[in-house]
Amino acid sequence: MTTTGVTTGAAAPVAAVPADAPYRDPSLPVAERVADLLGRMTLEEKAGQLFQTMVEIGPGGELAEGGSPMGVEATSSMVVGKHMTHLNVLAAPRTAREFAAWHNRLQRLAASTRLGIPVTVSTDPRNAFTDNPGTALLSGPFSQWPETLGLAATRDERLVEEHADAARQEYLAVGIRTALHPQVDLATEPRWARGSGTFGEDAALTARLGAAYVHGFQATGEVARARGLDGGFGAESVSTMTKHFPGGGPQQDGEDPHFPYGREQVYPGGAFDTHLEPFPALIAAGTRQMMPYYGMPVGLEVDLGDGPEPIEEVGFGFNKQVLTRLLRERLGFDGIVCTDWGLVTDAEMFGRPFPARAWGVEHLTPLERVEKILDAGADQLGGEACPELVVELVRAGRVSEERLDVSVRRLLTEKLVLGLFDERRYVDEDAAERVVGHPDLVATGRRAQSRSVTVLQNAADGAARLPLAAGLRIYAEGLADGETAGHGVALVATPEEADVALLRLKAPFEERGPGFESFFHAGSLEFPADVVAHVRDVAGRVPAVVDVYLDRPAILAPVVEAAATVVVNFGAGLPALLDALTGTVPPEGRLPFDLPRSMAAVEASREDVPFDTADPLFRFGDGLAIA
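Following our numbering, the numbering of the sequence shown begins with 1 at its first residue and continues without gaps.
Check the hints yourself; a few may be wrong.
What the hints assert, rightly or not - The calculated lysine to aspartate or glutamate pairs, modelled on EDC-like cross-linking and capped at a C-alpha distance of 16 Å, are:
1. K506 <-> E222
2. K506 <-> E526
3. K506 <-> E477
4. K320 <-> E309
5. K320 <-> E368
Note that these hints are calculated values from the structure, not bench results.
All chains, please: the whole structure from these sequences, using the hints.
Printed below as a string of structure tokens:
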């Protein structure tokens with residue numbers, strides 16, 4: 001009988017596994033296969049399942065075994081040395097073929113271990129415009145769509161499901177099986193840096209569109225059935241990890257809890273239940289996994305079944321009241337719970353110290369933090385690679401092996417249902433090249449970008465009135481000849497030569513620091529004086545159309561005063577924007593949040609209460625149709 005080799009890292013030799021072990025038999029029920037595999041695992045192998053951290057792709061799709069500016073370990077060290085089988089892949093290589101080749105090399109490495117447990121590859125969003133290694137990744141070879149805010153601007157559940165289905169096809173093609181999204185936090189604090197990943201400020205809209213997103217990724221909705229799939233979670237699915245339970249967004253002064261100055265999550269308006277509202281809808285939609293947020297609730301009381309009680313002021317990933325009593329017991333969620341990244345160990349990123357996000361438990365040792373996370377009810381520790389601490393806890397009698405089995409059983413079941421032990425262990429590299437970035441997906445994504453463009457002010461008449469007429473001479477900064485091809489307009493060098501100006505701005509922000517911190521746009525929403533002066537100067541010489549990319553709200557009052565026409569986008573390339581401005585694909589976006597009139601209004605508002613800035617310049621739902 002053929003057997004596999006022994007490479008476990010355990011103190012004593014461990015028996016090899018027969019090739020015909022029941023867990024390898026696809027004809028057997030999943031529960032039977034899981035029970036067989038779980039019974040064969042060493043303590044070290046179980047501990048490895050409880051960790052999910054970053055992995056990088058080497059040049060040409062090779063496994064990454066060298067140093068990393070993100071502090072990522074060598075791939076073989078994690079998979080072989082630490083028995084880890086859940087990895088969060090970072091930036092994509094240049095081509096889908098390289099991505100797929102890397103995935104197959106990774107799975108062959110996993111297959112060489114004693115048990116041969118396949119790796120579940122996960123990712124942050126990678127089909128839009130954000131380029132932040134801690135939250136979302138630039139699309140690269142994948143089709144490009146508007147940010148989640150842009151999907152919300154369309155109000156179209158079918159489009160959201162189609163977007164998720166398109167991403168599902170591309171993920172499957174390269175071997176990604178867990179989406180570390182959707183993000184169903186409410187953007188009630190306009191300064192918060194994570195707003196672009198949300199569906200906006202309204203809980204009901206977020207719940208409705210978030211459910212469609214889950215159906216699209218997990219191939220359980222109408223779009224999947226229209227493709228001939230059976231509508232059940234399985235080998236054609238990408239598992240969704242909904243975040244950030246029980247709702248991020250109400251961060252004190254809008255600062256981000258990746259960093260110590262943003263750790264406090266506050267509820268001055270008593271709106272905790274509003275932030276919780278989307279999660280039951282996504283649980284009902286079948287989301288398989290849940291990620292609790294970094295935030296440390298301050299002064300929060302919640303009814304967990306016996307009346308309001310104070311919630312321990314520790315990050316939600318450490319919080320047993322929230323993960324066990326609220327999520328598991330009150331809401332009935334029995335899926336996988338994975339903490340947000342980096343709650344236990346300090347790290348270094350881009351050459352700078354990056355402390356663990358152990359908010360409220362900074363005084364605990366890493367060992368004690370792991371113990372508290374497991375006691376809280378989490379199944380996995382995100383962004384960590386220290387299974388030896390779990391082994392130490394079990395051997396010291398502080399955590400039972402039976403407690404590990406509860407989580408490992410969930411994690412192994414997910415792998416088997418996804419087909420990772422069977423037909424989905426490897427991917428077809430030729431097919432990956434065909435599927436990822438397929439022209440049909442790219443075209444649909446571009447059309448969605450155009451549809452999500454939101455017109456806030458349209459000139460009463462003249463050249464700047466939308467839709468822009470054919471034959472216009474346009475002054476546009478930062479564009480090259482040829483970039484407006486196919487839209488019937490001509491670029492000119494100066495405002496004086498133009499019929500209309502097109503100025504593209506981005507929502508303003510204040511720098512929060514170098515390195516990793518620089519990726520997070522926080523602070524004031526007011527445009528710098530020099531930007532406003534430039535808009536006024538150009539608009540004073542020629543009628544101007546101003547387009548503003550909103551990754552969070554902005555104070556648009558001075559722009560609206562100067563420009564003839566004002567539109568906002570939530571991720572739209574120039575071709576898609578021109579499609580919208582010329583009416584080739586009519587813009588139909590409506591604001592997914594209020595746009596405040598002033599920073600004074602923002603500072604006076606309550607972080608947790610939707611639509612709480614006084615007298616907003618534009619309101620949720622605003623958006624003009626163009627003739």
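Right, here's what the structure says about each hint:
| no. | hint | in the structure |
| --- | --- | --- |
| 1 | K506 <-> E222 | violated (36 Å) |
| 2 | K506 <-> E526 | holds (11 Å) |
| 3 | K506 <-> E477 | holds (14 Å) |
| 4 | K320 <-> E309 | holds (13 Å) |
| 5 | K320 <-> E368 | holds (14 Å) |
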